[in-house]
Amino acid sequence: MRITHHNPEPKDPRRVVVLGANGFVARRLAKALADGKIPHAVIGSSQVDLLAPDAAGKLRDLLQPDDALVITSALTPEKGKDVRTFMKNLGMIDSVCAALDTVRCSQIIYLSSDAVYDDADPLVREATPRTGQGLYGMMHVAREKMLESAAAGKTPIPLCIVRPCAIYGSDDTHNSYSPNRFMRTALKDRKITLFGQGEEQRDHVYISDVIRFLLTCLRHRSEGAVNIVSGKAVSFGEVAIAIAKLSAQPVQMENLTRGPGSIITHRHFDISLRLRAFPEFHSTPLDVGLAESSNELAGTGPA
Amino acid sequence: MIGFVGLSHLGIVYGSATAAKGFDVLGFDPDSKLCDNLTAGLLPVSEPDLPELIQSHRERLRLTSDPAQLAACDVVFFSLDVPTDSANQSNLTPLRNLIDLTAPHIAPTAAVVILCQVPPGFTRTLAREKPNLGGALFYQVETLVFGNAVERALKPERYMIGCGDPRTPLPPAYAKWLVAFGCPLLPMRYESAELAKISINFFLVSSVTTTNTLAEVCERVGAEWSEIAPALRLDKRIGPHAYLGPGLGLGGGNLERDLVTVQTLAAQHGTEAGVVAAWQLNSRYRRDWALRKLHEAVLGQTENPALAIWGLAYKIDTHSTKNSPSLALISALEPFEKAAYDPQVRIETGTIPNFSQAPTALNACRGADVLIVMTPWKEFAGIPPAQIKAVMRGNVMIDPFGALDRAEAEAAGFSYHRMGSPAQKRS
Chain A
0 MRITHHNPEP
10 KDPRRVVVLG
20 ANGFVARRLA
30 KALADGKIPH
40 AVIGSSQVDL
50 LAPDAAGKLR
60 DLLQPDDALV
70 ITSALTPEKG
80 KDVRTFMKNL
90 GMIDSVCAAL
100 DTVRCSQIIY
110 LSSDAVYDDA
120 DPLVREATPR
130 TGQGLYGMMH
140 VAREKMLESA
150 AAGKTPIPLC
160 IVRPCAIYGS
170 DDTHNSYSPN
180 RFMRTALKDR
190 KITLFGQGEE
200 QRDHVYISDV
210 IRFLLTCLRH
220 RSEGAVNIVS
230 GKAVSFGEVA
240 IAIAKLSAQP
250 VQMENLTRGP
260 GSIITHRHFD
270 ISLRLRAFPE
280 FHSTPLDVGL
290 AESSNELAGT
300 GPA
Chain B
0 MIGFVGLSHL
10 GIVYGSATAA
20 KGFDVLGFDP
30 DSKLCDNLTA
40 GLLPVSEPDL
50 PELIQSHRER
60 LRLTSDPAQL
70 AACDVVFFSL
80 DVPTDSANQS
90 NLTPLRNLID
100 LTAPHIAPTA
110 AVVILCQVPP
120 GFTRTLAREK
130 PNLGGALFYQ
140 VETLVFGNAV
150 ERALKPERYM
160 IGCGDPRTPL
170 PPAYAKWLVA
180 FGCPLLPMRY
190 ESAELAKISI
200 NFFLVSSVTT
210 TNTLAEVCER
220 VGAEWSEIAP
230 ALRLDKRIGP
240 HAYLGPGLGL
250 GGGNLERDLV
260 TVQTLAAQHG
270 TEAGVVAAWQ
280 LNSRYRRDWA
290 LRKLHEAVLG
300 QTENPALAIW
310 GLAYKIDTHS
320 TKNSPSLALI
330 SALEPFEKAA
340 YDPQVRIETG
350 TIPNFSQAPT
360 ALNACRGADV
370 LIVMTPWKEF
380 AGIPPAQIKA
390 VMRGNVMIDP
400 FGALDRAEAE
410 AAGFSYHRMG
420 SPAQKRS
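Going down the list, the sequences are from chains A and B. Each step along the first sequence adds one to the number in numbering that gives the first Met the number 0, with nothing skipped, and position 215 is 214. Each step along the second sequence adds one to the number in numbering that gives the first Met the number 0, with nothing skipped, and position 79 is 78.
Mixed in with the good hints there might be a few duds.
[As the list claims (entries may be wrong)] So, partial list: chain A residues that the calculated Cβ filter (under 10 Å) puts toward chain B:
(1) R124
(2) K231
(3) P284
[As the list claims (entries may be wrong)] Capping the alpha-carbon separation at 35 Å, the derived lysine-lysine pairs in DSBU-like fashion look like this:
(4) A/K190 x A/K80
(5) A/K231 x B/K321
(6) A/K231 x B/K388
Source of the hints: derived by calculation from the structure; they are not laboratory data. Every residue, glycine too, gets a C-beta built ideally from N, C-alpha and C.
Full structure from sequences and hints, please.
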């Protein structure tokens with residue numbers, strides 16, 4: 000497992016094309032690119048429906064050989080966890096790969112997920128087998144392999160696979176069991192609901208860190224697979240307490256009784272590879288990220 | 000006359016130990032410059048007590064690059080260290096070339112002993128390929144340890160001798176040499192002896208990995224590994240000399256090579272060896288212990304940090320940097336200013352970005368935000384932490400092996416980090 004920086008000295012890409020205009024990450028990335036005055040184009044389903052028969056052709060027309068392509072498009076588990084959603088997700092990347100057959104971009108960044116890893120491993124690293132958690136995890140594994148194959152053609156394209164753990168941030172639309180939900184319910188209902196005492200330890204990565212990291216990968220024209228995580232797993236209970244402390248009003252903790260036989264699992268990350276490959280990149284401490292996100296949600300800080 | 004063919008660390012140490020036991024020794028190496036340097040007392044290796052040993056027995060040591068002189072030897076040891084590549088795979092070509100070069104000159108009655116690190120099967124294949132190589136062919140297990148090689152060569156725990164047929168008596172000249180070391184002799188099949196060498200290393204690796212695994216748990220749960228280890232040493236099933244010091248993964252190349260050898264054998268023969276991959280994974284993870292600690296304690300919080308690094312060798316009392324955790328750490332710190340000190344290792348200027356080598360340990364610390372002690376050379380223990388602190392800008396000391404006294408370091412105002420020990424000492 001290694002990361003190669005094709006630009007040892009960081010250099011802005013000539014243009015960045017972001018696939019997935021409507022997603023949380025794509026929106027933030029587009030803003031950061033604009034702030035950094037990096038030419039970019041954001042392509043959403045209204046412009047190119049990646050599931051349409053003519054998607055590859057349309058995308059081919061929009062791409063230029065010296066573009067850096069960032070792929071964030073995916074149907075998330077909220078849109079479905081079934082086989083049909085799985086196949087749609089593969090179909091989207093099939094279109095991208097077909098376009099890349101003709102237009103050899105300067106770099107591909109694929110926003111994958113830590114769901115590609117075996118969920119039995121409590122200490123995850125990039126070398127952890129990609130067995131995929133459920134159809135969603137398998138989908139990301141399959142997409143990674145499809146893109147690896149497409150990138151490896153006669154004219155290889157540097158492919159950078161970025162695997163975040165659960166991302167938190169004020170404008171995330173997902174409502175899974177995570178800091179995002181806790182922040183919203185703390186603000187709206189003055190309540191945070193936990194399974195048991197929220198003992199499970201997980202890593203949570205701040206959206207600003209993900210965006211900074213994507214920009215770093217773009218500027219270095221990095222190649223390889225790397226997890227973007229904080230490297231510090233904390234329990235949901237600790238996250239809930241931290242969020243409650245940020246609230247001006249008291250927040251009630253609701254503890255749901257766990258079902259019989261339920262097992263408490265933890266997931267930590269070994270971030271050694273990232274520390275080696277990106278020595279100057281550091282994650283935002285969780286309390287700082289939560290405070291910024293809470294302020295944004297409450298409308299008292301920048302979004 | 001006892002001959003040693005191949006004058007790397009192995010040949011120099013065993014040749015000198017043989018002279019110390021009263022035998023006349025002929026050392027052969029095709030590199031005439033190496034022979035000249037050795038004759039002049041210039042050693043290509045750093046090994047405690049080796050220069051003194053050579054000096055004391057110089058009259059019985061003769062070095063040559065002329066293979067014809069090997070004809071006078073009653074026993075010929077092939078003693079070239081087998082190099083390994085970046086994937087820890089053995090490169091046997093230099094050894095094979097050396098055998099081809101010298102075989103025609105070895106007396107037909109001489110006992111020929113392979114002392115090199117070869118995989119199981121090598122010696123029997125060689126016996127088949129070169130039936131006229133001396134009078135009888137043996138494989139002898141070497142168990143030298145860098146930094147403690149002289150003592151282990153002079154006072155071996157036992158000799159394991161790989162034979163074509165272990166029931167056949169050993170040739171008198173070879174038997175005389177073996178008896179001179181006064182240790183148990185264990186004749187066995189070639190393959191058994193070759194695998195015995197690997198077996199020893201496997202048990203060492205399992206101890207090292209177990210120690211490292213538990214030492215990390217200690218750091219997290221508030222336990223102190225240095226309190227646990229003495230209790231383990233008193234257990235007869237573990238023993239007083241067990242490898243119970245937490246480390247930064249495997250280094251030096253020999254242990255790593257044997258792991259790869261067994262993985263290859265397991266793949267060839269369909270045996271289960273999954274534990275090897277787990278050990279390798281743990282070794283890579285431990286290698287980065289100091290890097291993780293450094294990011295956590297300093298790099299995530301300090302603008303333009305200056306780093307002081309003590310130790311470059313892969314362990315103390317050697318100049319070897321093969322798989323050195325220190326160099327692995329330095330390679331991950333390219334953008335940061337680094338000043339290093341090592342009593343033995345010199346790195347060519349300009350080969351590492353933002354890197355300088357200081358003439359003394361204290362000089363390396365001047366203006367540094369953090370001191371990282373990557374090789375616990377004994378001389379470091381003699382430097383008072385208060386003196387170190389006085390020349391530094393910051394107050395973080397990452398001392399994986401505990402080369403310096405924790406209490407003194409903390410009293411001097413250091414935030415102190417050691418393997419197997421919680422970051423904040425409990426009262």
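Hint check: is the beta carbon of A/R124 less than 10 Å from a beta carbon of chain B?
8 Å, holds
Pair hint outcome, A/K231 versus B/K388 [Cα-Cα no greater than 35 Å]
30 Å, holds
Hint check: is the beta carbon of A/K231 less than 10 Å from a beta carbon of chain B?
9 Å, holds
Does the alpha-carbon distance linking A/K190 and A/K80 stay inside the 35 Å limit?
28 Å, holds
Sort out whether B/K321 lies within 35 Å of A/K231, counting only the CA atoms.
32 Å, holds
Does the interface hint hold: is A/P284 within less than 10 Å of chain B, judged Cβ to Cβ?
Holds, about 9 Å.
When the structure is compared with the earlier hints, no violation turns up for any of them.
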